[in-house]
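*Asks:* Listed below, chain by chain, are the residues.
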Amino acid sequence: MGIRVHLDRVMLERGVSLTELAGRVGITLANLSILKSNKAKAIRFSTLDALCKELECAPGDILKYDSRGTDAE
Amino acid sequence: MKAIGPRSIASKLQLFVKILFLVEIVRVLLMALAPIDHYGLQYVSFDVGSGPVQVSFAMLRGAEARWWIWAMELTARFCHAVVLYLLMRILEPAGAGEPFHPKMPNRLRLMGYAVVASALLRTVFCAVLLKRWTYTASGVGYSWAVDYDAIFLGLVLVVLAEVFCRGYALRTESELTV
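So the protein sequences, as listed, match chains A and B.
If you count by numbering that gives the first Met the number 0, then the first sequence holds residues 0 to 72, one letter each, in order.
If you count by numbering that gives the first Met the number 0, then the second sequence holds residues 0 to 177, one letter each, in order.
In short, the hints are calculated from the structure, not lab data.
Check the hints yourself; a few may be wrong.
Unchecked claim - Looking from chain A toward chain B, a few residues come up when the C-beta cut is under 10 Å (computed):
1. N30
2. L31
3. I33
4. L34
5. A39
6. A41
7. I42
As the list claims (entries may be wrong) - Here are the simulated lysine-lysine pairs, DSSO-like style, with alpha carbons at most 30 Å apart:
8. K40(A) to K102(B)
9. K35(A) to K17(B)
10. K52(A) to K63(A)
Given the structure is predicted, the values throughout are model-derived calculations rather than measurements.
Cβ coordinates follow ideal geometry from the N, Cα and C atoms, glycine included.
Could you build all of it, start to finish, from the sequences and the hints given here?
*Replies:* Printed below as a string of structure tokens:
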């Protein structure tokens with residue numbers, strides 16, 4: 000899949016830890032870890048909305064399209 | 000009582016099938032090692048066009064027929080053992096409460112193929128035996144029959160395998176939706 004999640008970069012810029020963000024967003028640490036490690040198959044709008052709200056960013060800051068990743072899937 | 004999960008019908012069935020499988024393995028080994036005369040087989044039963052018949056060994060011509068029956072019975076029992084083994088492995092994840100196991104579709108598909116192969120092999124064995132080695136009483140010949148029920152069951156299992164394949168894909172997608 001060509002969609003890449005750059006949650007780790009945004010988290011580093013905001014100085015937020017995974018555990019702290021999971022608590023603030025209201026999703027489990029396991030699910031947030033799946034998202035951060037690019038293993039997620041889908042993301043709910045509600046999760047994306049909560050992440051953007053907590054990290055004060057746009058969806059485009061978290062999700063990027065990488066055409067090189069399309070062939071690898 | 001629950002159908003799947005620990006202490007369910009599936010877990011008890013798995014234990015039962017495991018015992019059946021072990022018994023069947025012993026029977027296959029005994030039959031493979033023991034010559035047919037010592038096995039105590041006096042007749043063989045078939046499903047022919049007009050219904051089930053029992054052909055006694057007195058009605059068979061030559062020793063080759065007995066070896067043919069031996070091969071037929073051994074093949075049938077081997078297929079039966081394969082089906083029991085796959086059934087045991089299918090019931091394993093169901094007994095653990097996880098029916099959408101990644102290996103479930105393959106096991107179901109293989110079981111379907113084994114059931115179909117077993118039915119077809121038996122038909123071929125029967126056809127050859129009846130044509131080549133059986134004396135027919137009063138000139139009445141037996142016509143061989145295909146076990147359509149087994150073939151139907153096998154094909155249903157192959158379709159079910161595909162259903163489980165889709166089920167597993169859906170479950171994975173659901174689990175990886177954040």
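*Asks:* Now tell me, hint by hint, if it's right for this structure.
*Replies:* Against the structure, the hints come out as follows:
Because the closest C-beta pair between N30(A) and chain B is about 5 Å apart, less than 10 Å, the hint holds. At about 7 Å, the closest approach between the beta carbon of L31(A) and any beta carbon in chain B falls short of 10 Å, and the interface hint on this residue holds. Here the hint on I33(A) is kept, as its CB sits about 6 Å from the closest CB of chain B, short of 10 Å. Annotation: interface hint on L34(A) holds; nearest CB of chain B at approximately 5 Å, less than 10 Å.
A least Cβ separation of about 5 Å between A39(A) and chain B falls short of the 10 Å threshold, and the interface hint therefore holds. At its closest, the beta carbon of A41(A) sits 4 Å from a beta carbon of chain B; the interface hint therefore holds under the 10 Å criterion. The beta carbon of I42(A) is positioned within 10 Å of a beta carbon in chain B (closest approach about 5 Å), and the interface hint is therefore held. Between the alpha carbons of K40(A) and K102(B) the distance comes to roughly 21 Å, so the proposed pair stays at or under 30 Å and holds.
With a CA separation close to 43 Å, the supplied pair K35(A) and K17(B) exceeds the 30 Å bound. Proposed proximity of K52(A) and K63(A) is supported: the alpha carbons are some 18 Å apart, at most 30 Å.
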